[in-house]
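Participant: The lines below spell out each chain.
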Amino acid sequence: MAEEFEPKIVAFLCKWCSSAGSDLAGVSRMEYPPNVVPITVMCSGSVSPLYILSAFNKGADGVLVSGCHPGDCHYIKGNYYARRRIALVKRLLDYFGLEPQRFQMSWVSAAEGVKYTQIIKDFVQELKPLGPQKKLRRAQ
Amino acid sequence: MVNLEDLKKEAKAVLKDEKVKYVIGYEKSSNGLMPAPAFIKKPEDVEKLIWDPTCIHNLTRFLTDEKQKKAREKQPDERPVGIIVKGCDSRALVVLLQEKFINREDVYIIGVSCESAGVVDEKKLSKKLKDKKIENIEFDEKDNIIVTTKDGKTKIPASEILAERCLECRANFPVIYDVLLGEKTKRQPENPFQSVEKIESLSEQERWDFWKEQLSKCIRCYACRSVCPMCYCDECVVDTINFAVTADTTAEEKAQKIKWLEKSPVLSENFVYHFIRAIHLAGRCIDCGECERVCPLDIPIRFLNKKLEKDAKELFDYDSGFDPDQPSLISSFRDEDPEDFIR
Chain U
1 MAEEFEPKIV AFLCKWCSSA GSDLAGVSRM EYPPNVVPIT VMCSGSVSPL YILSAFNKGA
61 DGVLVSGCHP GDCHYIKGNY YARRRIALVK RLLDYFGLEP QRFQMSWVSA AEGVKYTQII
121 KDFVQELKPL GPQKKLRRAQ
Chain Z
1 MVNLEDLKKE AKAVLKDEKV KYVIGYEKSS NGLMPAPAFI KKPEDVEKLI WDPTCIHNLT
61 RFLTDEKQKK AREKQPDERP VGIIVKGCDS RALVVLLQEK FINREDVYII GVSCESAGVV
121 DEKKLSKKLK DKKIENIEFD EKDNIIVTTK DGKTKIPASE ILAERCLECR ANFPVIYDVL
181 LGEKTKRQPE NPFQSVEKIE SLSEQERWDF WKEQLSKCIR CYACRSVCPM CYCDECVVDT
241 INFAVTADTT AEEKAQKIKW LEKSPVLSEN FVYHFIRAIH LAGRCIDCGE CERVCPLDIP
301 IRFLNKKLEK DAKELFDYDS GFDPDQPSLI SSFRDEDPED FIR
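Going line by line, the protein sequences match chains U and Z.
Counting from 1, one number per residue, gives the positions in the first sequence under my numbering.
Counting from 1, one number per residue, gives the positions in the second sequence under my numbering.
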């Protein structure tokens, strides 16, 4: 039997909530798929659409942007800006015909290690049937 | 349609009083089809000005050049620049004012209303005329365009040769002006987003196939960026050539400039370019359609800008280019912004 496709996910996690949430999942020894490459950013509001595009361009099968819950942003309103920007990016990617499952956003607080693992589990499950992302990938 | 003599009179008056440095308008071009931008410096040159349904250019783009030129001068001429704007162009001015790229006192705005019409599409018109030279072109009262060529007059229904964007225009009169010529007649299009909805109704695979075909054509000449009144950044993320490199720039600094995309015009890189160009115009594009007009490969770039305009309206109830005091789309938020897509 051929080996099962393992998607590669790039996750942009904000330093103050989501990154700490993923850390909590780690130190609590929770199990979740190893398909995700976490990149800590200072705030979900600092995630430029270029980062997301660049990840897809360099071969990511899925991209996750995760920040603090509304009202909890360390910089007061960074995640509100992110919410607006990501909504536009998500809609535009969909308009170009990229599978909508490939780009996700989530709110994960520093205490939500369980939620983080669940998001990654679901994400991997959704990406598996789609196969490798070839549309936006740079030809090697 | 606005009377040309009135326009000349207004331009002449401000030039005579030396209230403006020069007036940017339209003049006849040598090819006899579309006009060329004109920079009128002397009152007697005002006679060169034209105003007809072929005046398609968005002249606000030249304010970027003007600003750069002024910055280089030791003793700049502080008088404003006169500029002739249509409805869409005036909204570009509003966005530039909103972003504080230009100051209101630096421009003298001569607004011309398109009234119930608009401007013609060059490609549609030349197809209709089979490349004959235009001697005169005007609107009649019943939404027809009368074109006079050497073979006589032809009457063409306006809807057949008007530019696509004019058929979807929501403000066909200037929203900001010092003098206004013509009437503020508002024409409500049946559906301002019909072109976008056509693509949205396709399936995911069909949409991808459509954009794949279109974006593969792109040769990355960056004409769409050069012509855009909103693309005024000194440094652009998409090409590393115009990063400011001075004598002091070290090799290390140069190496640290991130190369987000390759220069080769292949699909994956073209995709990044067009996506980023579109997203940088979110809430700023006022649909002047210049990007699509200058595209040598007929890529429907307007569909991208229009999509973002539609999303901004639907999701955030945001209209670009009407109020110079409103905060920009992505530097503002509301508590009730949709978040149903967030887990």
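If you're looking for bench data, these hints aren't it; they were derived computationally from the structure.
Each hint should be verified, as a subset may be incorrect.
No farther apart than 16 Å at their CA atoms in a straight line, the calculated lysine to aspartate or glutamate pairs in the EDC-like style are these [unchecked claim]:
(1) U/K134 to U/E31
(2) U/K135 to Z/E206
(3) U/K134 to Z/E252
(4) U/K77 to Z/D335
(5) U/K135 to Z/D209
Taking CB as the label site, the calculated pair distances span [to be verified]:
(6) Z/P265 to U/K15: 49 to 57 Å
(7) U/I76 to Z/K313: 21 to 29 Å
(8) Z/P157 to U/A139: 15 to 23 Å
(9) U/I76 to Z/S29: 48 to 56 Å
(10) U/Q140 to Z/L202: 23 to 31 Å
(11) Z/L202 to U/P129: 51 to 59 Å
(12) Z/K254 to U/T40: 22 to 30 Å
(13) U/D72 to Z/I258: 29 to 37 Å
(14) Z/V294 to U/S28: 56 to 64 Å
Just so it is clear, the structure is predicted and the values come from calculations on it, not from any experiment.
We treat Cβ as the ideally placed atom computed from N, Cα and C, and that holds for glycine.
Participant: When the structure is checked against the list of hints, which entries are broken? Sort them ascending.
Facilitator: 1, 3, 6, 8 and 11
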